[in-house]
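Asker: With chain A's structure known, arrange chain B on it following the hints.
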Amino acid sequence: MVEGNFTTVSGTSEGSSPHPLAAKLSFLKMFAAPANILFTIVVTFVGLTAITFIIGRVMPADPVLAIVGDRASTEVYEAMYFKLGLDKPLLQQYWIYLTNVVQGDFGKSIMTSRPVLDDIITYFPATLELATVATFIGIFLGIPMGVIAAVRQGRMTDHIVRVIGLFGYSVPIFWLGLVSLLIFYAKLDWVPGPGRIEVYYDGIVDPVTGFILIDSAMQGEWEIFDNALSHLILPSAMLATYALAYIARMTRSFMLDQLSQEYVITARVKGLSEFTVIWRHAFRNVLIQLITIIGLTYASLLEGSVLTETIFAWPGIGQYITKSLFNADMNAVIGGTVVVGIGFVGINMLSDVLYRMVDPRARR
Amino acid sequence: MSKLKYLAMFVGLVIAAGQTAPVQAGTPGDTLVMAKNIDDIITLDPAEVFEFTGGEVIANIYDRVMMFEAEDLTTLVGGAAESYTISDDGKTITLKLRPNQKFHSGNMMTAADMAFSLQRVIKLNKTPSFIFTQFGWNADNVDSLVTAPDDSTVVVKLNSDLSPALALNALSAGVGAVIDMKLVMSHEIDGDLGYEWLKNHSAGSGPYSLKTYKANEVVILDYNPDYRKGAPAMKRVILRHIPEASAQRLLIEKGDVDMARDLTPDLIKGLEGNKDVIISDDPKAALIYMAANQAHPILGNPKVNEALRYIVDYEGMVNSFLAGQFKTHQAFWPSGLWASYDKTPFTLDLDKARALLAEGGYPGGGFKIRIDTLTKSPYPEIAQAVQQALSKIGVESEITLAEGKTLWPMYRARKHELILAQWSPDYVDPHSNADAFAHNPDNALEAKLTGKVAWRTSFFSPEINGMTEAAASEADLNKREKIYMKLQKRMQEIGPFTIMFQKSEQTALRSNVTGYVSGANFDLVFYRTIKK
Chain A
25 MVEGNFTTVS
35 GTSEGSSPHP
45 LAAKLSFLKM
55 FAAPANILFT
65 IVVTFVGLTA
75 ITFIIGRVMP
85 ADPVLAIVGD
95 RASTEVYEAM
105 YFKLGLDKPL
115 LQQYWIYLTN
125 VVQGDFGKSI
135 MTSRPVLDDI
145 ITYFPATLEL
155 ATVATFIGIF
165 LGIPMGVIAA
175 VRQGRMTDHI
185 VRVIGLFGYS
195 VPIFWLGLVS
205 LLIFYAKLDW
215 VPGPGRIEVY
225 YDGIVDPVTG
235 FILIDSAMQG
245 EWEIFDNALS
255 HLILPSAMLA
265 TYALAYIARM
275 TRSFMLDQLS
285 QEYVITARVK
295 GLSEFTVIWR
305 HAFRNVLIQL
315 ITIIGLTYAS
325 LLEGSVLTET
335 IFAWPGIGQY
345 ITKSLFNADM
355 NAVIGGTVVV
365 GIGFVGINML
375 SDVLYRMVDP
385 RARR
Chain B
17 MSKLKYLAMF
27 VGLVIAAGQT
37 APVQAGTPGD
47 TLVMAKNIDD
57 IITLDPAEVF
67 EFTGGEVIAN
77 IYDRVMMFEA
87 EDLTTLVGGA
97 AESYTISDDG
107 KTITLKLRPN
117 QKFHSGNMMT
127 AADMAFSLQR
137 VIKLNKTPSF
147 IFTQFGWNAD
157 NVDSLVTAPD
167 DSTVVVKLNS
177 DLSPALALNA
187 LSAGVGAVID
197 MKLVMSHEID
207 GDLGYEWLKN
217 HSAGSGPYSL
227 KTYKANEVVI
237 LDYNPDYRKG
247 APAMKRVILR
257 HIPEASAQRL
267 LIEKGDVDMA
277 RDLTPDLIKG
287 LEGNKDVIIS
297 DDPKAALIYM
307 AANQAHPILG
317 NPKVNEALRY
327 IVDYEGMVNS
337 FLAGQFKTHQ
347 AFWPSGLWAS
357 YDKTPFTLDL
367 DKARALLAEG
377 GYPGGGFKIR
387 IDTLTKSPYP
397 EIAQAVQQAL
407 SKIGVESEIT
417 LAEGKTLWPM
427 YRARKHELIL
437 AQWSPDYVDP
447 HSNADAFAHN
457 PDNALEAKLT
467 GKVAWRTSFF
477 SPEINGMTEA
487 AASEADLNKR
497 EKIYMKLQKR
507 MQEIGPFTIM
517 FQKSEQTALR
527 SNVTGYVSGA
537 NFDLVFYRTI
547 KK
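Chains as they are written, first to last, in the working numbering: chain A, 25 to 388; chain B, 17 to 548.
Don't read these hints as lab results, they were simulated from the structure.
Be aware that one or more of the hints could be misleading.
Unchecked claim - Chain B is faced by these chain A residues, among others (derived, beta-carbon under 8 Å):
(1) Leu-89
(2) Ala-90
(3) Val-92
(4) Arg-95
(5) Ser-137
(6) Pro-139
(7) Leu-141
(8) Pro-218
(9) Gly-219
(10) Ile-228
(11) Pro-231
(12) Ile-335
Ideal Cβ placement from N, Cα and C applies to all residues, glycine included.
Same shape as in the complex, but just chain A (with noise of 0.2 Å):
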């Protein structure tokens, strides 16, 4: 049997007794790995506040007058400029902010005049939702029509999904959010309008997770359950088509790849069946490079679901962090941003996770 391009690899053989320097390595590799994931959030963490930071001192925006407003006396913006201790050296502030958050304190966010910690609690959630249902769309979607259109390559079935890849591209999602909105919302009534929830159950669910979704099921408050996703699809189906279109794109150029391989052919010399042929070979070392596309889809879904957030009033992070950076509220932007960065490592960790239960090379 074929089993893909895969490369067998031959372990220790069995009987022969490890070499010490070997059991040694072994032992520094099992804390390796969690030193590598360490080292690479603490790197991220410091980067991402480092440069956010200084980008947030440099700008032309001022984040006393977020606060005073523009007509505020000058005795009145000068008490809140040493408050905010904008008269120390860039880098003390730096130091003193990065101390305050290894302490947990982002400190609080003008906008809001709440710890920014407690913002995105509240906030980050919100996307999270709606990035991973949008995600689980594209997926479930996009994978499959990648995979047909590379089988039925150059036949009307590709032409459909090289046409939606292009429309979920190309066609802005504030326009497509805007017209699914009077279509699915103000024509036929299949979903509710903009919003996470109907504003009437607000305060019925305690926030335990923060999603909705999770809360309303666990408290069986299932009427919210079914609110709250009846206002989740269109929001997370148009962030979706981004991704469909995606995943799409890059399954059926995946796909084409493998398709064309010796092994395929050797494949159906044999005799497999067409789907055994396509699915269990073929796909399977799809999947490797897939779990990276779609890893980077979800990221991208996390940072890039503002406009969608703004259509659909949907309180996310996005909103949180774009609305931050124009009032130069600098707390909630490198807050927000901090947590969108750690967000993406993580989700970066779990491909590479993913990838080594998927392909056994990765495992050595």
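Answerer: Structure of chain B alone, referenced to chain A:
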């Protein structure tokens, strides 16, 4: 599998989701839901609120010492105070509280609450505190100048030459809100006078109390059944944060909101003919103006300054892209308010502008200037119209667009050349704008009178300063009004400002909504009068 099945799966998913919950149509009869961009709220503490939405919300939560009521927006009446007397020298105002007023908490309102509220504004020293510091109050003297000799009397002493009429008007500003001292002080942390707590909570006695505030999501207000003017018809008012205007339109058309507050002119036009939606046109006090930096070697020339007033196509803009949203207004105090000056002597007249430039020593223009303005509509469009007109008189210009947080620091640092900006009064008295546009007692850079646009533009005129101060201290209303008329006329002649337009707000309401009252100032929007 059929080729179209995959597409059908996608659509099917949307349909299936739509079936998960019945889509609620309309809003409950006793609840008012409005779609509004509420992302400008940064605090709900009356001592600090200086934003439009925040100002509107607290106006419906707190009774102020003095008020303009929905029933008559032009007459200043007692709010939490039932009556007042002014001493012969005009320096002392004695306020008598209405009897048996209760806060939402159930606490009785006493004179101590009112005195505490006024003192707290000064002690916290937030941006709007200047409204009271002009009374001559500061953190050291306010306790002796604002006193409560008994439970129903508050004595307010003015420690400056301010007219008592002006002081009473200032007491109708947001900082004049009476807060529940016991409740607020029970949440005091480290001597902050309840500041941190009150940012997101309420402690008032007005027609509504704050139930929920979630930044960038929703504000929910519950009615006060014991309100002194009767229980409001709407038991709950919900401000939903809908930042996108097009989404607001869809919501109002569907009836999922009762009011849409931020529709653009094209969206308003699209609602014409929809009998389920009516449009309320309400003149507002916000002005759009152009300021020429007088420290600029060319723009400081009086003739150049004057020429600028003739390069604006006021009517052309009002009849095209500003239609329905703005009207021409050319004086610093908006029309529709006491002491407004409604004459509009300037029209687009390029020949006159050319002649004035020549008189100023710039025949045929021949210089280049920068126009700074905001990125949001209609500022770029107005700037482009000005740019085109300038090019016709031989002046080259470059437009720089920026967000307010970038634009205002430059303006406050006097680094602009021509700036196109907006201004709304802080309270309903002409001194609010006169103090900003005309009064600049010290033009030195070190003076840093950054709150005054006159200082920002380096406009200094002893004559104008004198008139502004005379108007502010004049106790006789008729005399005061005359001074303001003269002052506005004079500012049109020699001021550095080309005041162009006054805003008119268009709000879409479902046809069953009645009683919506929206006054000129941002804090004169009344929810208690609304019925469905």
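Asker: Which of the listed hints are not met by the structure?
Answerer: Checked against the structure, the hints that fail are numbers 6, 7, 10, 11, while the rest are satisfied.
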